[in-house]
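Engineer: Note that the protein sequences, when read in sequence, are chains A and B.
To convert, note that position 230 of the first sequence is 957 in the numbering used here; the numbers rise steadily by one, no gaps.
To convert, note that position 529 of the second sequence is 1644 in the numbering used here; the numbers rise steadily by one, no gaps.
If you are wondering where the hints come from, they were derived from the structure by calculation, not from laboratory data.
It cannot be assumed that every hint is accurate.
Capping the alpha-carbon separation at 25 Å, the derived lysine-lysine pairs in DSS-like fashion look like this [stated by the list, open to error]: (1) A:Lys-960 / A:Lys-1015; (2) A:Lys-903 / B:Lys-1302; (3) A:Lys-788 / A:Lys-1129; (4) A:Lys-789 / B:Lys-1235; (5) A:Lys-1034 / B:Lys-1617.
Below, a sample of chain A positions facing chain B; criterion: calculated Cβ distance under 10 Å [said to hold, decoys possible]: (6) Gly-836; (7) Phe-1001; (8) Ile-1048; (9) Gly-1103; (10) Ser-1105; (11) Leu-1107.
Here a beta-carbon is modelled for each residue, glycine too, at the ideal position from N, C-alpha and C.
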Amino acid sequence: MRYLPLTDADRGAMLEKVGAKSIDDLFVDVPEEARLSGPIEGLPMHASEMAVEKHMRRLSKKNLAAGDAPFFLGAGAYRHHVPASVDHIIQRGEFLTAYTPYQPEIAQGTLQMLFEFQSQVARLYGCAVANASMYDGSTACWEAVAMAARITKRDRVVLSGALHPHYAEVVRTMAKFTEDEIAGAEPALQSAPDNQGLIARIDDTTSCVVVQYPDILGRLPNLQEIADAAHDKGALLIVVNTEPVALGAVKSPGEQGADIVVGEGQAIGVGLQFGGPYLGLFAVRDPKHVRQMPGRLCGETVDAEGKRGFVLTLSTREQHIRREKATSNICTNSGLCALAFSVHMTLLGEKGLRALAAENHRLACIAADRLAKVPGVSVLNESFFNEFTVRIGQDARAVVRKLADDGVLAGVSLGRLFPGNDALADGLLVAVTETTTEEDIETLASALEGALS
Amino acid sequence: MNAPNKSGWKPGTPVEGHNAVSGPDTVTGNRALMLEEPLIFEIGGPDTTGVDFAAGADADRLASRLGDLARSEPIGLPGLTEPETVRHYTRLSRQNYAIDLGLFPLGSCTMKHNPRLNEKVARMPGFADVHPLQPVDTVRGALEVMNELAHWLIKLTGMHGVAMSPKAGAHGELCGILCIRAALEAKGDAREVILVPESAHGTNPATAAFAGYRVEDIPATSEGRVDLEALKARLGPDVAGVMITNPNTCGLFERDMKAISDAVHAAGGYVYCDGANFNAIVGRVRPGDLGVDAMHINLHKTFSTPHGGGGPGSGPVVLSEALSPYAPLPYTARTADGVVHLVEEEDADSFSEEHFGGKMQSFGRMTAFHGQMGMFTRALTYILSHGADGLRQVAEDAVLNANYVLRSLEDLLHAPFAHSGPCMHEALFGDKGFAEGLSTLDLAKALIDEGYHPMTMYFPLVVHGAMLVEPTETESKAALDQFIMALRSVAERAIAGDESMKSAPHYAPRRRLDETQAARKPLLAWEGELAPSGRAVRSEVGGR
């Protein structure tokens, strides 16, 4: 077996050293009736690298890769070009095969990277402090809700109807067990977000308001007025962002008064990967909230010779120290995805991110204008960044499936996201990035035209 | 003393008085291949980028469908060109220890070799470049991967079902505990307490508390196992379940596991098993045969998806027949016609009705989308490479390697449970016998100077100055012999009272770091302004 270095001679010598006659002697504490006498039946035996690769390649070919079709899906996962050097760097063994940096003297590479990552995320979000990552955007969203309850000592949560339904579902699921009360809503197909309706739901018992920006329909809510209303009632504003590239073009949530900003970092550096692993981003505007944050934090310090160095810090918040009193049970997070994000963001820089955002928006505007010309199609959004909603006058799920059969991945139907809500059934969410060509947009427009006629 | 390798070759050791640290200071702060590196904020600028766009892409041409929210303030992000970027991160990488560089004996963490085929497979476009919300007919291969891996996990553990979506071990623990809570609530049986041994991972009590339970300790026997009689005495109508790690964090197999499960079940509770240490028993024992109701599997430990400097992980949870109906959405299921279905909120009820007689009553959703697909492809690749026979050999070699380490050191280092039988995949030592003033931390830092990552320290809490060594099965005998030689040497120094250990490590990229200052005055983000033009010279920053 190519991954196991011990030879039979080694095994024999080692058994002798430990005073065992056979390997079975080392498993004597397993109750006899539970011991397996040989390989588990009905499972294949070991296979060569070539054979395994062939099997996996065959499975991979049963999927339609996004790059092999005109592609317009978003809804929380975005396809962007990732520079080749990003993947090269994350495959360096010193990053790929390192552990969580608990021994800082021999983990400065990971630690400095995390400090840089935290700094990049904090700046992008307009916040003071970001942590070293969470699992993904949806779990970061729930952690923010739980954190708001700790800070405000209130347990009534107001969710915007235009929050990603998976995120809302995660919050609802977790709240069943923590007994937080969740006031959710379904989105309405309006051209602008219903800020006033949301504000009306905030009262003196509200711990937090959760708003997505841009929202699930692609619209851009003005956050400042929601922040003001929340703060008036002593509640916190949590802003969820699922497309970090947008923040190269629009104001950050922090500068509009958000208290906790969380999001999905997948769009920068990580890739689609059928939904995971992704990268949860988590930041707070006010440094006084740092001690209520979940997850790992990397901080700057000095070593015994006075040289700058970095360590994981404030770990008295965490499970390995605080056990049942920890701010979260999270342990392993998304270190390597954070590295991918940070490398990609370093390659972009301020200039590149702004150019990337501009290119996304330019192409999205072209797409919106083109699709609006398709008979039977209307663009819902007053505002959007790189994703917008169109109404197509018939069940969008069926149309999406039909177009997929024709080799066009047309977008995400609102029926897929909000099953059972008939009012949304003719909505189609269309995302456009720098990877989309004007030819792709033309292909989508004519395919839609064909499907709708 | 053991020869470090088969040929008897030994590295040169410094001639006395010519130690590497005694050379002159350097103007750059570098020491040959040990290179200092500034922060990106100190070398990057707002006008530098390493990404080119097609002509015509330009921030100034930003059309305005952004409402009144167009960004006006600078973000403050530094950019680097590609050569500068590659150099920055390559220089950083060289300050890391990693499994690719040497043995990584972190107990309960299973740092084993990460085969590169796994990486190659995960990057196939049909896996890497697929959106989670594509129409299911365009992602049948991805669903098959999930289902094939699920099948393996169920067979290897002898369980009834598996929840694939949890994102890491702790998330899996939460999934299992929520299944228990949902199962109890379905019976109208509200219970308040989860019992957790003192030797448990910190995630166990944190998880139980997060799910709304009160946590109570289970006492241990002097031989390092759960005290069955004390546990039985505590069980009652308020106990929802127990969380037990098996093999446990003392490196021992819980002999009474079946009796524990039977007692917990008789009292109306459920058994959660922390599967962090599954590597020791895969292919030798099936947790399902020991009465376990739920167990997470760290794909990044047992099935060798890389740790990546702290994740991503993946924590599928295998479930007993009693708990399977409550598994979170979404899940995959293969029907009699061979088709793998993706079951989400919308069709959960109808699918349950049609295929499970209406028994599936999921407790809800734990994450967006379907789980850690990128880890599923890697883990399945690893599992298929080993096969049923190879995985059994994995456990055997992991256990043999740990016992070899235990028996090669027990004469020198205090091994509190050496008399409790063979260890499983990890060997536990304590600091008894160290000279006054020297601690486990000092030994660990001295081990760094010998070129090793330290073992897990001060865990489990039940042993004073604990050192938990897990060599894993991917180490050769020669590699173990050299590690044992190094560990014996530092142990001897600790016992003899070698004061120089207190200031170790001496040869790492950094000496001991001031963690107190880091916590007292937290500096968690770079707070300076970017230099608009002209960058810091490398030697001005980062160095001494």
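Engineer: None of the hints should be skipped; say for each whether it holds.
Structural biologist: Checked hints:
1. Distance hint between A:Lys-960 and A:Lys-1015 is fulfilled; the C-alpha atoms sit about 19 Å from each other, no more than 25 Å.
2. The straight-line distance between the Cα atoms of A:Lys-903 and B:Lys-1302 is roughly 16 Å, inside the 25 Å bound, and the hint therefore holds.
3. In summary, the hint linking A:Lys-788 to A:Lys-1129 is supported, as the alpha carbons are separated by about 20 Å, within the 25 Å threshold.
4. Straight-line distance between C-alpha atoms of A:Lys-789 and B:Lys-1235 comes to about 17 Å, which keeps the hinted pair within the 25 Å bound.
5. Between A:Lys-1034 and B:Lys-1617 the CA atoms are separated by roughly 18 Å; this keeps the pair inside 25 Å, and the hint holds.
6. Of the supplied interface hints, the one on A:Gly-836 holds, with its beta-carbon coming within about 4 Å of a beta-carbon of chain B, less than 10 Å.
7. The restraint placing A:Phe-1001 at the interface with chain B holds, with a minimum CB-CB distance near 4 Å, inside the 10 Å limit.
8. Taken as an interface hint, A:Ile-1048 checks out: its beta carbon lies about 7 Å from the nearest beta carbon of chain B, inside 10 Å.
9. Given hint, A:Gly-1103 at the interface with chain B, is violated; its Cβ is 21 Å from that chain's nearest Cβ, farther than 10 Å.
10. With a least beta-carbon distance of about 15 Å to chain B, the hint placing A:Ser-1105 at the interface is violated under the 10 Å criterion.
11. The beta carbon of A:Leu-1107 is not positioned within 10 Å of any beta carbon in chain B (closest approach about 12 Å), and the interface hint is therefore violated.
Checked against the numbered hints given earlier, this structure breaks hints 9, 10 and 11; the rest are met.
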